[in-house]
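Participant: Sequence:
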Amino acid sequence: MSDELASALRELANEAERSPVLSGAEIRGRASGRRRRRRTALAAGGVCVAGALALVALVGLDGGAQRKSPPAASPTAVPSLPTASPDATIDLGRRVISVAGHRLTLHGDSLTGDTPTVRMTVTEKEAHLRVSSKTVGFEGGYSFEATWVVKLTGADGGTDYVGSLGTGDHAISDPDHGWIILDMTDAKLLYDRLEPGAVVEIRPSVNASASSAAHRGSATAGTVTGSGAATGAAAGSGTGSSGTSGG
Numbered sequence: 001m002s003d004e005l006a007s008a009l010r011e012l013a014n015e016a017e018r019s020p021v022l023s024g025a026e027i028r029g030r031a032s033g034r035r036r037r038r039r040t041a042l043a044a045g046g047v048c049v050a051g052a053l054a055l056v057a058l059v060g061l062d063g064g065a066q067r068k069s070p071p072a073a074s075p076t077a078v079p080s081l082p083t084a085s086p087d088a089t090i091d092l093g094r095r096v097i098s099v100a101g102h103r104l105t106l107h108g109d110s111l112t113g114d115t116p117t118v119r120m121t122v123t124e125k126e127a128h129l130r131v132s133s134k135t136v137g138f139e140g141g142y143s144f145e146a147t148w149v150v151k152l153t154g155a156d157g158g159t160d161y162v163g164s165l166g167t168g169d170h171a172i173s174d175p176d177h178g179w180i181i182l183d184m185t186d187a188k189l190l191y192d193r194l195e196p197g198a199v200v201e202i203r204p205s206v207n208a209s210a211s212s213a214a215h216r217g218s219a220t221a222g223t224v225t226g227s228g229a230a231t232g233a234a235a236g237s238g239t240g241s242s243g244t245s246g247g
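So for the sequence shown, the working numbering puts the first residue at 1; every next one is plus one.
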């Protein structure tokens, strides 16, 4: 290659490497174009980010909808407290009183078939109790002595009496109102084993019904006082609405 050709090629190369000479308007135009391209790129990037966030949210909501809600916990059943056993049971159908492993025979009562099952509480005890004849529904103004008497009171205030009503020819076995009769030995045994606060359950005879409680006799026991003379009439098992109610 001749020196002239080599020199010409170098000059061409140098001219190609020189920056083109631009006017001020051309420079500003190019700068403005770069700014527009930059804003467009930023806007496109923002749209992409927003779209990605929306997609994530949609997937999250859809996944939550597909998840099954845990079943509601079923309410825990509250166990019912067992009812305490009574201290004694008076079974009018079988004609027995059960207490502390003993079975005492009823000699008479005014409650057979006339009471629902009911629980009563021992409220008083009297070893000797002078009562009027009206206590057991008899006419006349005489009085007599009951022994080993246990007074039972129901939730409604009605009362019944359990004890011995006389001995021998003077014994009463068919009272009209509110008495349960035992012989003297059994009455003493029951008296010794029941204290105030003891619970006694009275069970009806087989043919008794709850509605028959309205027919309970009124234990018009005279003013019952220990070993004292009885006068007038005292409250016992009431009839109708005042009778002993079922427990």
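It is possible that part of the hints are untrue.
Unchecked claim - Pair ranges (Cβ atoms, derived):
| no. | residue 1 | residue 2 | range |
| --- | --- | --- | --- |
| 1 | ALA6 | ALA52 | 18 to 28 Å |
| 2 | LEU9 | ARG34 | 46 to 56 Å |
| 3 | ARG103 | PRO196 | 39 to 49 Å |
| 4 | ARG39 | ASP3 | 20 to 30 Å |
| 5 | ASP192 | ASP91 | 53 to 63 Å |
| 6 | ALA25 | LEU5 | 50 to 60 Å |
| 7 | LEU9 | LEU55 | 53 to 63 Å |
| 8 | GLY51 | ARG10 | 35 to 45 Å |
| 9 | LEU55 | ALA13 | 46 to 56 Å |
| 10 | THR105 | ALA155 | 38 to 48 Å |
| 11 | ARG39 | GLU11 | 39 to 49 Å |
Simulated from the structure, these hints should not be mistaken for laboratory data. Every residue, glycine too, gets a C-beta built ideally from N, C-alpha and C.
Participant: Does the Cβ pair LEU9, ARG34 satisfy 46 to 56 Å?
Facilitator: Because 34 Å falls outside the window, the suggested range is violated.
Participant: 20 to 30 Å was suggested as the range; check whether the CB atoms of ARG39 and ASP3 agree with it.
Facilitator: violated, 54 Å
Participant: Regarding LEU9 and LEU55, is the given constraint of 53 to 63 Å on their beta-carbon distance met?
Facilitator: Holds, at about 59 Å.
Participant: Would you say the C-beta atoms of LEU55 and ALA13 sit inside 46 to 56 Å of each other?
Facilitator: About 54 Å separates the Cβ atoms of LEU55 and ALA13, which means 46 to 56 Å holds.
Participant: Using the beta carbons of ALA25 and LEU5, state whether their distance is inside 50 to 60 Å or not.
Facilitator: 39 Å Cβ-Cβ, so the 50 to 60 Å window is violated.
Participant: Take the C-beta atom of ALA6 and the C-beta atom of ALA52, compute their distance, and say whether it sits inside 18 to 28 Å.
Facilitator: violated, 59 Å
Participant: Note whether the CB distance of ARG39 and GLU11 lies within 39 to 49 Å or breaks it.
Facilitator: holds, 42 Å
Participant: Lying within 35 to 45 Å: is that true of the beta-carbon distance GLY51 to ARG10?
Facilitator: 55 Å Cβ-Cβ, so the 35 to 45 Å window is violated.
Participant: Can you let me know if the beta-carbon spacing of ARG103 and PRO196 is within 39 to 49 Å?
Facilitator: violated, 23 Å
Participant: Between the beta carbons of ASP192 and ASP91, is the distance compatible with 53 to 63 Å?
Facilitator: Violated, since ASP192 and ASP91 (Cβ atoms, about 20 Å apart) do not stay within the stated range.
Participant: Go ahead and decide if the range 38 to 48 Å is satisfied by the Cβ distance of THR105 to ALA155.
Facilitator: violated, 28 Å
In this structure, the earlier hints numbered 1, 2, 3, 4, 5, 6, 8 and 10 are contradicted, and the remaining ones agree with it.
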